[in-house]
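Peer 1: Each chain, written out:
Protein chains: 2
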Amino acid sequence: MIQNVYTRYGIVYIFRLNALMCGDNVQKHILGELEEELLALEEDLICWVDTNIELIRQPLKDMILSGGKRLRPAMVLAASRFGDYNFDKVRQLAVSVELIHMATLIHDDIIDDSPLRRGIPSLQSRLGKDVAVFAGDYVFCKVFELYAFSEHFNLLRIVAKTLHQICEGEIKQREDLFNTDLTFKDYIYRIRRKTAMLFALSAELGARASEASEKAVRALHRYGMYIGIAFQIVDDVLDFSSNNEKLGKPVGADIREGVITLPTIFTLKYSHQKDYLKEILSKGYLDEADAIKAVEIVKNSGGLDYAKHIAERYVYKAQQSIAPLPDIPIKKVLSNISNLIISRNQ
Amino acid sequence: MIQNVYTRYGIVYIFRLNALMCGDNVQKHILGELEEELLALEEDLICWVDTNIELIRQPLKDMILSGGKRLRPAMVLAASRFGDYNFDKVRQLAVSVELIHMATLIHDDIIDDSPLRRGIPSLQSRLGKDVAVFAGDYVFCKVFELYAFSEHFNLLRIVAKTLHQICEGEIKQREDLFNTDLTFKDYIYRIRRKTAMLFALSAELGARASEASEKAVRALHRYGMYIGIAFQIVDDVLDFSSNNEKLGKPVGADIREGVITLPTIFTLKYSHQKDYLKEILSKGYLDEADAIKAVEIVKNSGGLDYAKHIAERYVYKAQQSIAPLPDIPIKKVLSNISNLIISRNQ
Numbered sequence: 030m031i032q033n034v035y036t037r038y039g040i041v042y043i044f045r046l047n048a049l050m051c052g053d054n055v056q057k058h059i060l061g062e063l064e065e066e067l068l069a070l071e072e073d074l075i076c077w078v079d080t081n082i083e084l085i086r087q088p089l090k091d092m093i094l095s096g097g098k099r100l101r102p103a104m105v106l107a108a109s110r111f112g113d114y115n116f117d118k119v120r121q122l123a124v125s126v127e128l129i130h131m132a133t134l135i136h137d138d139i140i141d142d143s144p145l146r147r148g149i150p151s152l153q154s155r156l157g158k159d160v161a162v163f164a165g166d167y168v169f170c171k172v173f174e175l176y177a178f179s180e181h182f183n184l185l186r187i188v189a190k191t192l193h194q195i196c197e198g199e200i201k202q203r204e205d206l207f208n209t210d211l212t213f214k215d216y217i218y219r220i221r222r223k224t225a226m227l228f229a230l231s232a233e234l235g236a237r238a239s240e241a242s243e244k245a246v247r248a249l250h251r252y253g254m255y256i257g258i259a260f261q262i263v264d265d266v267l268d269f270s271s272n273n274e275k276l277g278k279p280v281g282a283d284i285r286e287g288v289i290t291l292p293t294i295f296t297l298k299y300s301h302q303k304d305y306l307k308e309i310l311s312k313g314y315l316d317e318a319d320a321i322k323a324v325e326i327v328k329n330s331g332g333l334d335y336a337k338h339i340a341e342r343y344v345y346k347a348q349q350s351i352a353p354l355p356d357i358p359i360k361k362v363l364s365n366i367s368n369l370i371i372s373r374n375q
Numbered sequence: 030m031i032q033n034v035y036t037r038y039g040i041v042y043i044f045r046l047n048a049l050m051c052g053d054n055v056q057k058h059i060l061g062e063l064e065e066e067l068l069a070l071e072e073d074l075i076c077w078v079d080t081n082i083e084l085i086r087q088p089l090k091d092m093i094l095s096g097g098k099r100l101r102p103a104m105v106l107a108a109s110r111f112g113d114y115n116f117d118k119v120r121q122l123a124v125s126v127e128l129i130h131m132a133t134l135i136h137d138d139i140i141d142d143s144p145l146r147r148g149i150p151s152l153q154s155r156l157g158k159d160v161a162v163f164a165g166d167y168v169f170c171k172v173f174e175l176y177a178f179s180e181h182f183n184l185l186r187i188v189a190k191t192l193h194q195i196c197e198g199e200i201k202q203r204e205d206l207f208n209t210d211l212t213f214k215d216y217i218y219r220i221r222r223k224t225a226m227l228f229a230l231s232a233e234l235g236a237r238a239s240e241a242s243e244k245a246v247r248a249l250h251r252y253g254m255y256i257g258i259a260f261q262i263v264d265d266v267l268d269f270s271s272n273n274e275k276l277g278k279p280v281g282a283d284i285r286e287g288v289i290t291l292p293t294i295f296t297l298k299y300s301h302q303k304d305y306l307k308e309i310l311s312k313g314y315l316d317e318a319d320a321i322k323a324v325e326i327v328k329n330s331g332g333l334d335y336a337k338h339i340a341e342r343y344v345y346k347a348q349q350s351i352a353p354l355p356d357i358p359i360k361k362v363l364s365n366i367s368n369l370i371i372s373r374n375q
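In order, the protein sequences belong to chains A and B. Residue numbers for the first sequence follow our numbering, so the first one is 30 and each next one is one higher. Residue numbers for the second sequence follow our numbering, so the first one is 30 and each next one is one higher.
Derived by calculation from the structure, the hints in this document are not laboratory data. Worth double-checking, as some hints may not be accurate.
[What the hints assert, rightly or not] Listed below are the simulated DSS-like cross-link pairs for lysine-lysine, each with C-alpha atoms no more than 25 Å apart in a straight line:
| # | chain 1 | residue 1 | chain 2 | residue 2 |
| --- | --- | --- | --- | --- |
| 1 | A | K361 | A | K244 |
| 2 | A | K322 | A | K118 |
| 3 | B | K278 | B | K328 |
| 4 | A | K322 | A | K303 |
| 5 | A | K90 | B | K190 |
| 6 | A | K214 | A | K361 |
| 7 | A | K118 | B | K361 |
| 8 | B | K312 | A | K158 |
| 9 | B | K298 | B | K337 |
| 10 | B | K214 | B | K328 |
| 11 | A | K361 | A | K298 |
| 12 | B | K244 | B | K190 |
| 13 | B | K190 | A | K190 |
| 14 | B | K361 | B | K90 |
| 15 | B | K303 | B | K328 |
| 16 | B | K337 | B | K312 |
| 17 | B | K278 | A | K278 |
| 18 | A | K244 | A | K346 |
| 19 | B | K214 | A | K190 |
| 20 | A | K158 | B | K328 |
| 21 | B | K322 | B | K298 |
| 22 | B | K278 | A | K158 |
| 23 | A | K303 | A | K337 |
| 24 | B | K118 | B | K303 |
| 25 | A | K118 | A | K360 |
| 26 | B | K322 | B | K312 |
| 27 | A | K346 | A | K322 |
| 28 | A | K312 | B | K158 |
| 29 | A | K190 | A | K118 |
| 30 | B | K303 | A | K190 |
Using the sequences provided together with the hints, build the complete structure.
Peer 2: Structure representation (structure tokens):
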């Protein structure tokens, strides 16, 4: 089956391999035995977003082809190894989590006004916000369809619950804009919903579909949750520390919009310039000079190192979660994923 | 059960009764025996959109309380009478179609920049487009959840297929903006997806859940489809003929945005001013003077009467579809709904 993909989808294969290898050497072979399966999923993803509506057909396909780390599908596939593993049983689940991720990215880009996504023009910058609203809905409908036509009715409830919580996390983020009283706990509450629950769901889906033990399901769910939290914290650090070119958006895009992330929370509590930062943020709008100043204050506060340290703690917690599970080869891959989360620079 | 609603949800009851009676007298008692059940559904709707995210909690509740005709739930309930009727078996399905409708309204209002919805500020004008994107997603997630926690797995496929087609219809509408070559067939293709399929789904869900005969299911599906087409045509006529106050948006909002509807298609083909209208629309943007002129041309072309006539034809086809079904009292309600579609003025 997978051999067929190589033959029929040579281009996809080569593309995907390049995506895994390019830029960040640490990604090379990091996914070990999962790589071939992930390549096969590329074909599935392209099929699932195919539509006869010309306006969105190519943009959706391009979005798939532009890569992405496919961490969530990798999580499904890895977790499924802890039970009675069968690729054909879990491949649709792996596709479903990537589609959920894709739908939220499309809607996120509308909110953030992002011109780029994975190095190519974002769907909203290509087709306008109006079409992007419905294109995101379309991908979301595909998730609904995927479950309707699969045999995974028993998993529908946990998927539905997670979707609901992801939405809550996204709205919570809007609710908390420019809120300088935000605590560490508030932040974790939000990113659990916005990001980590989809990682946790991915791991749980893989484990449940392959009928892993309840103990393994719980451990893998926890692993996904902690990895997801670490992932989002690193993302929030990169928003300050990466450069425009890599991000495809201005440095400090979050703080410019009023999104208070962990480095900012630290700064607002411990920096000697905390009052100044509070004053800037209390305006409820940052002009260019304010934004440059705010980014500088956060960068000088030690908030980025603090946040990275917290992310490492969560990665450690993730690794501890699966420590009691059987020592099968895939554990090395899960460990690689953990390290990738910390070391990624885009 | 329903009695309980009166006692416990007196306010909802009174509100709903007012909504049915106010303004348009033709609505009074039009839904006959369905009225009590529809009132009970108000409670379900409020429960389903309840959330602990403060930002959207009240706006979503207000959107439910602001009324709406609940035609789609009425269709579910009416169609279910042609089988082994059991209110508790179909109430969730009735809620689901109203939630689907609500989610699309929220996203539609973002696209249309609508300040009002059902006489109150639209969610996007109240909370901004950013929150409205995720609020629509949230309601949509609730539909997913509703099916996940119901016993209606067997109906999931037709729901999923319809959702997919609704999205396609919405995107098609964006694709066809300012397209003066649009044909009658293109228009019907689009409104079938955008509007009519949800009516058809509603009727089919009610019929299937109550295990009506396959013949009845097909007839009711057709009825819903034709009613839905008529509904959208009348909507498109009202966009030209109603007044600002009733619509909550400027007269001719569709043509201002470049949405080509049936009256405009007629005008572009038969009016002596068709070339002038084409010239205005070919700019791809209408300023106020253009918009006033375009509306005037369409109104003077006979296009509104033509479109109303076509809507009447579809209502007739709808009634013909269910003519062979058993003469049970609910047929009178379905006939009332058909007439309401034609005679409504907002």
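Peer 1: Find the hints from earlier in the document that the structure breaks and name them by number, from lowest to highest.
Peer 2: 2, 6, 7, 11, 14, 16, 17, 19, 20, 24, 27, 30
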